[in-house]
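Each chain, written out:
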Amino acid sequence: MIFNRLFSGDLPRSRVLLMVLVAILAGLLLTPFVFPGAKALNVAAKICIFIVLVASFDLLLGYTGIVSFAHTMFFGIGAYGVAIALTRLGPTWTAVAVGVGAAVLLSLVLSMVIGLFSLRVKAMFYAMITLAVATAFQTLASQLSEFTGGEDGLTFKVPELLSPAFSLSEQPFLGVSLDGRLIAFYLLLAITVALFLILLRIVNSPFGRVLQAIRENAFRAEALGYQTVVYRTWSNVLSAVFATLAGALLALWLRYNGPDTSLSFEIMIDILLMVVIGGMGTLYGSVIGATLFIIVQNYLQDLMRFASEGVSKVPFLRDLLHPDRWLLWLGILFVLSVYRFPTGIVGKLRSKARGYS
Amino acid sequence: MTFALETQDLTIRFGGHVAVNAVSCGFAPGTLTAIVGPNGAGKTTYFNLISGQLKASAGRVLLQGADISACSAPQRSHRGIGRAFQLTNLFPNLSVLENIRLAVQSRAGLGLNLWSVWSSHRELIARAEEVLEAVALTAKRDLAAAALPHGDQRKLEVGILMALEPDVFMFDEPTAGMSVDEVPVILDLIRALKARRDKTILLVEHKMDVVRELADRIIVLHNGALVAEGEPAEVIASPIVQEAYLGIEVAK
Numbered sequence: 001m002i003f004n005r006l007f008s009g010d011l012p013r014s015r016v017l018l019m020v021l022v023a024i025l026a027g028l029l030l031t032p033f034v035f036p037g038a039k040a041l042n043v044a045a046k047i048c049i050f051i052v053l054v055a056s057f058d059l060l061l062g063y064t065g066i067v068s069f070a071h072t073m074f075f076g077i078g079a080y081g082v083a084i085a086l087t088r089l090g091p092t093w094t095a096v097a098v099g100v101g102a103a104v105l106l107s108l109v110l111s112m113v114i115g116l117f118s119l120r121v122k123a124m125f126y127a128m129i130t131l132a133v134a135t136a137f138q139t140l141a142s143q144l145s146e147f148t149g150g151e152d153g154l155t156f157k158v159p160e161l162l163s164p165a166f167s168l169s170e171q172p173f174l175g176v177s178l179d180g181r182l183i184a185f186y187l188l189l190a191i192t193v194a195l196f197l198i199l200l201r202i203v204n205s206p207f208g209r210v211l212q213a214i215r216e217n218a219f220r221a222e223a224l225g226y227q228t229v230v231y232r233t234w235s236n237v238l239s240a241v242f243a244t245l246a247g248a249l250l251a252l253w254l255r256y257n258g259p260d261t262s263l264s265f266e267i268m269i270d271i272l273l274m275v276v277i278g279g280m281g282t283l284y285g286s287v288i289g290a291t292l293f294i295i296v297q298n299y300l301q302d303l304m305r306f307a308s309e310g311v312s313k314v315p316f317l318r319d320l321l322h323p324d325r326w327l328l329w330l331g332i333l334f335v336l337s338v339y340r341f342p343t344g345i346v347g348k349l350r351s352k353a354r355g356y357s
Numbered sequence: 001m002t003f004a005l006e007t008q009d010l011t012i013r014f015g016g017h018v019a020v021n022a023v024s025c026g027f028a029p030g031t032l033t034a035i036v037g038p039n040g041a042g043k044t045t046y047f048n049l050i051s052g053q054l055k056a057s058a059g060r061v062l063l064q065g066a067d068i069s070a071c072s073a074p075q076r077s078h079r080g081i082g083r084a085f086q087l088t089n090l091f092p093n094l095s096v097l098e099n100i101r102l103a104v105q106s107r108a109g110l111g112l113n114l115w116s117v118w119s120s121h122r123e124l125i126a127r128a129e130e131v132l133e134a135v136a137l138t139a140k141r142d143l144a145a146a147a148l149p150h151g152d153q154r155k156l157e158v159g160i161l162m163a164l165e166p167d168v169f170m171f172d173e174p175t176a177g178m179s180v181d182e183v184p185v186i187l188d189l190i191r192a193l194k195a196r197r198d199k200t201i202l203l204v205e206h207k208m209d210v211v212r213e214l215a216d217r218i219i220v221l222h223n224g225a226l227v228a229e230g231e232p233a234e235v236i237a238s239p240i241v242q243e244a245y246l247g248i249e250v251a252k
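So the sequences go chain by chain: A and B.
Quick note on the numbering used here: the first sequence kicks off at 1 and runs consecutively.
Quick note on the numbering used here: the second sequence kicks off at 1 and runs consecutively.
These are computed hints drawn from the structure, not numbers from a lab.
In silico DSS-like links for lysine-lysine, alpha-carbon gap of 27 angstroms or less: (1) A:352 <-> B:140; (2) A:122 <-> B:55; (3) A:157 <-> A:39; (4) B:140 <-> A:348; (5) B:199 <-> B:55; (6) A:157 <-> A:46.
Just so you have them, the derived chain A footprint on chain B, three or more residues with Cβ under 8 angstroms: (7) 77 to 87; (8) 110 to 122.
Note that CB positions come from ideal geometry on N, CA and C, so glycine has one too.
Please work from the sequences and hints to get the whole structure.
Put into structure tokens, the structure is as follows:
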């Protein structure tokens, strides 16, 4: 009962999916103790941030059927908000609050304006408009180097509680030192879970149901009395706000922000891939998609180095498995997964659980 | 007496073609008016102008005497004009129940509620189930709308309109393409609706026996213009209908 309420009545509805989700949560919870080293913790943190980012994009693409390329812009606004505030005001919680608040406000206004002005046009044109706005914003961010640090970005200090220098106790716990990084990680994980559950509530609300109706048949939704422009705009705004929060989390975690870490078009493509691989319009797909993608992105090279050394005597195979070729293999993996699971991994698991193959 | 619905010189032009030409007509509250005419006469376009899917080039639409010409389709829906479409127009990947529930939810004005869980609004689901029962689709409530056979999709289309509970019901060939044994379900619904005498019904229908039985009044559209109106018996007997409409039907 309590789970049903927490998950807004939208349970995984597939035993395999449930097990995978539990495994991911357990993996994230135990990362500091089970997988030693800074890299593992960074990967786990990135997974958390991208779960929020991809889930917020799914609200837009999967639930409302809006194609937008401006999602990284809102991600970037969140990251720059925190970065600029902490650089200017020093490493205090007030600065964090000011940065997040200002960023959310800017995203709110910007997404509402873009929405109201352009959600009346055809989907294709809307995608183009968002692309133009996002590109303009990216240029602006690198030009205003006075504020943003330009191409170099900004490196800053975070509040003491979250900084590596902070220590909860002298004694390590289960071999792990209880420092500010650990606190920052668990705080990040807790916020991720909370934001995900809030998004799950939104897509399962009466409002979320209208979004799906609009995705299915906007003309009919209008005839039923739903003003589609209003709903699409709200969907746009909510999605932007959650992306902004994800951006703020990213900056706090990295203690750095620059155009390549939060604004680049490559991230936009990654988000699209994660949504599609996980399964559009399921929200759980964002958890699976983000986790899978980021693990592959970070460890495929290592795996290939290992494999390449193993076949170092075989001339062609050795070159094919060379770590420098990892993007080729990443591409092949994604083509295969989209081909095998057109409804995404979650879509596939759920239809299997329902008894269709 | 104020008409429940009235059009004054309602006109729409597509380029040089006048699809609906200065149609002035009032619909008395509690009556059922059948709109007949050959294919391409402008019946569906006339409907689209009334329910707001198309904006008129000239003329006005009045609801209870109030000018709603400037209102959008959703606004007209909220003001009490409900519409079922000729070409089935559903939410294909949503369940049958959800198709109806969305109409109930719109009527309840809950669309912008984003903090409650949809399934906690049990009264909406209960009402949707009532409507499903009325259109004989209870057994198929969990199927995707797209998975229904054509006749059931037509029933669902009518069910969505019923769930909206508007003041003005607009049926656009509700029984088109239905098998003979499915037609009575829909006709019984319309009969029951008419018997209540508190709703105004507009019905586009080709089957003359249905029109003769159900209609209080008939209007005839031909090439976008209103060419005849009156009591069913007298309109059906008039030369213009015999020639313009029934002539074609007979020729088939």
